[in-house]
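Construct the complete structure from the given sequences, taking the supplied hints into account.
Order-wise, the sequence lines are chains A and B. What the first sequence shows, in our numbering, is residues 1 to 297, in sequence order. What the second sequence shows, in our numbering, is residues 1001 to 1306, in sequence order.
Don't read these hints as lab results, they were simulated from the structure. Take the hints with a grain of salt, since some may be wrong.
Chain A side only, calculated, beta carbon under 8 angstroms to chain B, not exhaustive [claimed, not checked]:
#1 Ser90
#2 Tyr117
#3 Asn123
#4 Arg288
#5 Asn294
#6 Met295
#7 Arg297
The beta-carbon is built from N, C-alpha and C at its ideal position, and this holds for glycine as well.
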Amino acid sequence: MVQRMKVLKIFTLISLFFQLSVTQAGNVSFSSLNDQITLFNNGKEQSLIISGNSESVLIDPINKSSTEEVENYLRQNKKPVITNVIYSHSHWDRLLGSTLFDTKTHKIIAQSACELYFAKSNNINIKKPNLYFKKQYNINLEEEQVVLHYFGPSHGECMVVIEMVRAKILFIPELVSTNGASFPKDPTLPFLRPATLELFFSGLEELIEEKKIESFISGYGDDEIYGSVKIISEQKQFWQLIHLTAKEAEENGLVDINNFIDVEKLDLEKFSEYNNFNKADLINILRRYTSFLNMGR
Amino acid sequence: MLIGCGKSFELTKVAESEAPLFGKMKLWEIEKISNNLYAFRYTFYRNIILIGDDGIILTDPLTPEAASILNKEIKKISNKPIKYVAYSHSHWDHVSGGQIFKDQGAEFVAHEQCLNNWLDNPSPKVVKPDKVFKDDYKIDVGNASLEMYFYGPSHDNCRVVFLTQPDRFIFIADDANPPDGMNMIYGAGLADTYIFNLIPFFQSSELLARKKRAKGVIGSHMSFKNEPMNLVSGTIGSTRVIKQQRLFYQLVIDAVQIALDKGVSPELIPDYLIEQGVLKETIIGFDEKKMRVLYKRITNYLLTGE
Chain A
1 MVQRMKVLKI FTLISLFFQL SVTQAGNVSF SSLNDQITLF NNGKEQSLII SGNSESVLID
61 PINKSSTEEV ENYLRQNKKP VITNVIYSHS HWDRLLGSTL FDTKTHKIIA QSACELYFAK
121 SNNINIKKPN LYFKKQYNIN LEEEQVVLHY FGPSHGECMV VIEMVRAKIL FIPELVSTNG
181 ASFPKDPTLP FLRPATLELF FSGLEELIEE KKIESFISGY GDDEIYGSVK IISEQKQFWQ
241 LIHLTAKEAE ENGLVDINNF IDVEKLDLEK FSEYNNFNKA DLINILRRYT SFLNMGR
Chain B
1001 MLIGCGKSFE LTKVAESEAP LFGKMKLWEI EKISNNLYAF RYTFYRNIIL IGDDGIILTD
1061 PLTPEAASIL NKEIKKISNK PIKYVAYSHS HWDHVSGGQI FKDQGAEFVA HEQCLNNWLD
1121 NPSPKVVKPD KVFKDDYKID VGNASLEMYF YGPSHDNCRV VFLTQPDRFI FIADDANPPD
1181 GMNMIYGAGL ADTYIFNLIP FFQSSELLAR KKRAKGVIGS HMSFKNEPMN LVSGTIGSTR
1241 VIKQQRLFYQ LVIDAVQIAL DKGVSPELIP DYLIEQGVLK ETIIGFDEKK MRVLYKRITN
1301 YLLTGE
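Below you can see the structure in the form of structure tokens.
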């Protein structure tokens, strides 16, 4: 019986390997999720290439070497060249490979609120977008449709969520990990927009409900490939808990003159359920929220 | 006392609370800068009042409690109508409580992006503006006026610089607080701050001060002198404080950039700069804990552009 289970396990693993074919090029791994969608991962960040019959779409040219490997991969696998480059948001650390593309021959697409950052930027390593959109943008490939959705400021001013319609998958570059609802990677929350964050998550939940989407992929290189969309709601609940805690602390006089909350006076058990729970991080996260309650932003 | 172009400005306290804030400081006070210009401080916050022949311009009501006190006290100073309330930016801790002035018929004025902020996230305590503008705007009440200038997002995405006339004082909410712009800042995480435009913002403010021959700066917050425990009212000060504030941010950005260029790993930059004692003798009231947060924030900015 044990031997049979062993064989079955090995068989399952081999099947999965062939369904999810993985190749390595330099420090970038490529996982073919289906005939159209390929995930590439450089260990730190990951993103997607979606290919039709005559063109490919790249989400986030993360850096030069990763993007060169992406182009090599497409060539070697006889997939069409990149014609559309999507910027999932404005942060340079996901766009450093953009100078490999030419605005004369490529569409470089970003949400319109990103223009605030790109217009005045003098970073020569970042190609400025040549196409801005407001709420939604569609790219029709023959076998797949890629839809960019904007739900308001969340992580930065202009982050979008990308839907692969036929595959029923979402790509969410930041804020949610496929490993589960968690504390944020950077507890100082430099880019968080608390005023519109819950609206972002609600918009995302409505999309998921409407399109019956079940899985998402994140932009984090150390994440599991797929995560259940349930994690998105759980992550939303994390931020609601933070918001409520800050509000209650304010009402109960637990916020000091520097806007810090004495976390020793809080019930930390509900926070400990989240991945990467850290008391020191919680202090800083709550501080951002007491500032938000003060300022409205 | 502040001297500018032959005219000296000496603050005169015209009213103050019985209730203390701490030490000798009172909960609130009103100071007269000139016949046309007053400053109202409530706890650590300040706004300005302009009185002209045709009426009164108020700025930033602060809170309902502060506004109620101001409403009562201003009527002891002048019987002119409160015609306008001007908002310096959209943060609730500066702009709440204006309903008492709205009820008197005051017109509320703000930058257009402030209105968007309040539509996205309304507060029942914040009166929405009647008038919004894009680049600059002037409110006139006869022989006094308030000029409002927008230089792009900075602290908040709609903060404007105030310039009072005829006395030519500049007011920059949440920054450039006399006596010294090199003081350790309060919010080291730079929440809701558009770092990429901070230096250009202050450069434009300095240019405005020079072009308009500003006499001085009025601080939006109480500040400290020489060291954090030595709190001072900081009502008025030299326009030098605007340049000092710019230099504060510029020096921090440069320090982090140099560390990045040296190959210091981004995660280690706060530790590295603290260990090296960078800016320790330059920033007044240098606070190691706050500086770690600030260095981390600036590192994030230099890596992402935001």
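Hint check results:
1. Satisfaction of the interface hint for Ser90/A is found here, the shortest Cβ-Cβ separation to chain B being roughly 6 angstroms, below the 8 angstroms cut-off.
2. Interface restraint check: Tyr117/A against chain B, minimum CB-CB distance 6 angstroms, threshold 8 angstroms, status holds.
3. Evaluation of the Asn123/A hint against chain B yields a held restraint, the C-beta minimum of about 6 angstroms falling below 8 angstroms.
4. With a cut of 8 angstroms, the hint placing Arg288/A at the interface with chain B holds, because the nearest CB-to-CB distance is about 6 angstroms.
5. Hint on Asn294/A holds. Least Cβ distance to chain B is approximately 5 angstroms, under the 8 angstroms limit.
6. With a cut of 8 angstroms, the hint placing Met295/A at the interface with chain B holds, because the nearest CB-to-CB distance is about 4 angstroms.
7. Evaluation of the Arg297/A hint against chain B yields a held restraint, the C-beta minimum of about 4 angstroms falling below 8 angstroms.
The earlier numbered hints are all upheld by this structure, with none contradicted.
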